[in-house]
Amino acid sequence: MDKEFAARRRRDLIIAAVLAAIAAATPLFVKDVVVQNILILTLMYAGLSQSWNILSGYCGQISLGHALYFGLGAYTTELLFTKFGVLPWFGMLAGGVVSALIAMGLGYPFFRLRGHYFVIATIVIAEIGLLLFHNWEWAGAAMGITIPIRGDSWLKFQFLRTKLPYFYFALALCCIAWFVTWWLENSKWGFWWRAVKDNPDAAESLGVDVFNSKMGAAAVSAFLVAIGGSFYAQFVSYIDPESVMGFQFSLLMALPAVLGGIGTLWGPVLGAAILIPLTELTRFKFGGSGRGVDLIVYGTLIVLISLALPRGLLSLFSRPKKTGATR
Amino acid sequence: MGLLYGLIAVGLALIFGLMDVTNFAHGEFLMIAMYLSFFLFAFFAIDPLLSAPLVAAALFIFGAVVYLLIVRFAMRAKANAGMVQIFTTFGLAIVMRGLAQFFFTPDYRSIPHSWLGGKTISIAGIFLPEPQLVGALVSILAFAGLYFFIHRTDFGRALEATREDPGAVALVGIDKNRVFAFGWGLGAALVGLAGAIMASFFYIYPDVGASFALIAYVTVALGGFGSVFGAFAGGIIVGLVEATTALVLPPSLKSVGIYAVYLLVVFIRPRGLFGSI
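As they're listed, the protein sequences go chains S and X. Read in the working numbering, the first sequence has 305 at position 305, and its numbers run on one by one without any break. Read in the working numbering, the second sequence has 134 at position 134, and its numbers run on one by one without any break.
It should be emphasised that the hints constitute simulated quantities derived from the structure, not laboratory data. On a predicted model such as this, the values are computed, not experimentally measured, just so you know. Where hints are given, some of them may not hold.
Quick partial rundown of chain X residues pointing at chain S, CB under 10 Å, derived from the structure [to be verified]:
(1) T22
(2) M83
(3) A93
(4) F155
(5) L249
(6) I258
From the three backbone atoms N, C-alpha and C, an ideal C-beta is built for every residue, glycine too.
Construct the entire structure; sequences and hints are all you get.
See the structure below:
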C-alpha cells in the first residue's frame, strides 16, 4: 500500500510538471489578448481555489469569507505602494503575512464554532471587512485606489503592452499553491487535517492537536489567497472594496474546488480549468445584452454539475477501491 | 423594522433552521414575491395587502416545486451534502436573478399609491409608518402561527422527526419528501407574505433579495437553529441593533452592528441564543 501511495504521489508530481510546462508554452501559440486574459484568470482562480481547499477541503472548515483575505492582500499591497512607495513585491509578502495573522487572530474565536454557525460567521466577517473599507477614507473608501501606471516595469510589476508577465506570475502562483498542497498532503499536517475533518472528537482523543491544526490550515490558506489578491490588484490596476472583497470572490474561490472535487489535490485545478473559461465565455457571448442571459446559463450549469456530481468532476476518473488514501 | 427582518427570517427559520437545509435562494424567493405583488398591482390594481394571500399561495407552490425538482436531489448527495446544498441553491439564486433581469429588466420599480405606502399613524404622540406597523403585526401572527404549527400539530412533529432521523421516520410510514416539500412550500409562502408587504414600500429590482438574505441568515443563526422562538427573538434583536448602530455610526455601517452582535453571541454561546442543534 505504502509503495503504491508513494508511486501515486510521484506520478502526481510528474503530471503536474508536464501540465505546468504545457501551460508555460501556451503563450507561444496563443497571441489573442482575450484568450490570454481568460487563461490568466483561470490560473489565478485555480491557485486561489487550491489555497481555499487547504482550509475548507482538507481541514473541513468551510469558509465562505475568503474574500476578506483576498481583499486584504490587494489593499495591503496597494496602500503600501501608493502611500509609502513600497514596491508591490514586498507589499505582496506583507499582505500575505497580514492576512495570515488576521486569519489566526480570527481563528481563536471562530474555530470553536461548528457547522452553519461557522460558515455564517465567515460570511459575516468578510462583510464587516467590506463595509469598513467602504467607509475608510484614508484607504479610498468607496472610490477605491487607482494604481498609477508609468509604463512597463518588473520592479513595480506593472505592464501596459503585454500580459505575459501576469500570465507567468499566475502560473507560478497556481504551481506554488498546488505544490504546497501536494507537500502538505503527505505531511503530519495533512493527516491531522483529514482526521479533524472526518471526526474532530475522535481526532482529539487520539492526540491530534485539533485547534492548532485548524490554525495552521487557516494561516497557509489565507497567506496564499492574499498573494492572489495582490496579484489581482496589480493585474487590474484598480481596486475598490466591492471588486476585491465582495462575497462573489468567496464563492468563486470555493466553486472550482467544489466542482472539481473538494479536498482533493487535483479538484481545484480541474474545476477552474472548466469553470472559469465557461464563465468568461458565457459573459463574453451573452453578457452584452445586459439582460442576465449569462447568469441564467451560468447558474443552470452550477446547479446541474453540483447535482450530477456531488463529489466533483474528479469522481468521474477515480476507480473505486484502487488507492489507499482518501481521494 | 426588526419585525420585518423577523418576517423574512421566519420562512428561512423553517427551511434552514428546522429542516437543516441550506437555502441560498431565500432572498430570491423574496424578490419573486415582490415582483408578483407588483404585477398584480400593475395589471389588476390589486393592492399588495389584498394580494398577499395570493402571493403566499403562489410561493407555496413554487417552494414545493423547487424542493421536489431540485433540493430533493441535492439532499440525496452522500458526499459533501452541505456544499452540494449551498451550491445548488446558490446556482438557483443566480438563475432566478438572471431570469428576473431577462423578463423584468433591471429597472427599479415601485408601487405608487398603495393603501399602506407613505402613511403614518400616530400612537401616543409617536409617529409610526403604517406599512412597517402592518409588517410587524403580520410578522407576530406568522411567528405565532408557525410556533403553534410546529409544536402542536402532527405535521410539525413529523417535520422535526424527519430532520432528526429520516430513516426511522420512513419506518413509521411518513413520506420524507412529502413532509419536506410541504415544509419548503410553507417556508416560501411565509417569505411570499413578507415580499407582498414589503413591495408597498421598497424598490423592486432583480438583486433586491441579496441585501436581505444575509441578514435573514444572521437572524436565524443568532436565534439558534431549530428554534422558532429564537428566530423571532433574533429578528427583534437585529432590528434594535440596527436602529442603535444607525444612531452612533454612519448609516452605511449600520449592518456592521448586526454582524458584530452575531459574532459576539456565537462566541459566547456557539449554538445561538435559543438553539437546540
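Hint check: is the beta carbon of X/L249 less than 10 Å from a beta carbon of chain S?
holds, 8 Å
Min Cβ distance, X/I258 to chain S: is it shorter than 10 Å?
holds, 9 Å
Given X/M83 as an interface hint, is its Cβ closer than 10 Å to any Cβ of chain S?
holds, 5 Å
Does X/T22 meet its interface restraint, that is, does its C-beta lie within less than 10 Å of any C-beta in chain S?
At about 7 Å, which falls below the 10 Å cut-off, the nearest Cβ of chain S leaves the hint on X/T22 intact, so it holds.
Hold the hint about X/A93 up to the distance rule: shortest CB distance to chain S must be less than 10 Å.
holds, 7 Å
Chain S contact restraint for X/F155 - C-beta distance below 10 Å:
violated, 24 Å
In the structure shown, a violation is registered for the earlier hint numbered 4 alone.
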